[in-house]
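**Student:** In the order they appear, the protein sequences are chains A and B.
Adding 979 to a residue's 1-based position in the first sequence gives its number in this note's numbering.
Adding 981 to a residue's 1-based position in the second sequence gives its number in this note's numbering.
None of these hints come from the bench; they were simulated from the model.
Please note: incorrect hints may appear among the correct ones.
Claimed, not checked - One-sided and incomplete, this derived list gives chain B residues near chain A with beta-carbon spacing under 10 Å: (1) N989; (2) Y1027; (3) Y1068; (4) T1083; (5) I1093.
Quick caveat, the model's predicted, so the values are computed rather than measured.
We put the beta carbon where it would ideally sit given N, CA and C, even for glycine.
The primary structure of each chain is shown beneath.
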Amino acid sequence: EPEVTQTPSHQVTQMGQEVILRCVPISNHLYFYWYRQILGQKVEFLVSFYNNEISEKSEIFDDQFSVERPDGSNFTLKIRSTKLEDSAMYFCASSGPTGQPHADTQYFGPGTRLTVL
Amino acid sequence: DAKTTQPNSMESNEEEPVHLPCNHSTISGTDYIHWYRQLPSQGPEYVIHGLTSNVNNRMASLAIAEDRKSSTLILHRATLRDAAVYYCILRTITNFGNEKLTFGTGTRLTIIP
């Protein structure tokens, strides 16, 4: 069964450094998402991406964050200058199309654990 | 997004059915009811979804109340691998199709061997 993959599984960085989290969505999917989960808290939506542009973003997704689909397979999340509070699990997801929007379930990757020191 | 209410935690014995309730009294006519689960140290995983009729798939069944103000996810025979946090999520589908998922705190299901 096709799956979403993410690299690295764990990233440790110093505060103020840039990080790029990488995702390979399911190959025929057209919609891409990033979510994050701070330890012990809810899964939170960050951004959705379709047709090479952001379709929706949350208030968490400020100017320090950016997303890109640099080629036909990768989908990346960049944090330009990491802060301690960016420490979290970051999940990539992809969906659709199936021709039935209500059935476009999202498939999540295993996550990247980001630790900011 | 319309709000859902779930119990914080539930326990069930292995190999017995589990009924996970969800209240969504403010659901609108265009909201689909989706269930996802998150196994320990993994990303969320789709379980099932429905609109008005009860639904079955290989993982679970979804029973939806006639007034749609509540639903129940049914695991027919729980195994230890079903221990997870289960999320009931309402999705309003627009013509655009893809919608973010808004996760609540979900129900933490513990399976007792």
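**Student:** Each hint: holds or not?
**Tutor:** Status of each hint after checking the structure:
no.	hint	in the structure
1	N989	violated, 13 Å
2	Y1027	holds, 4 Å
3	Y1068	holds, 8 Å
4	T1083	holds, 7 Å
5	I1093	violated, 23 Å
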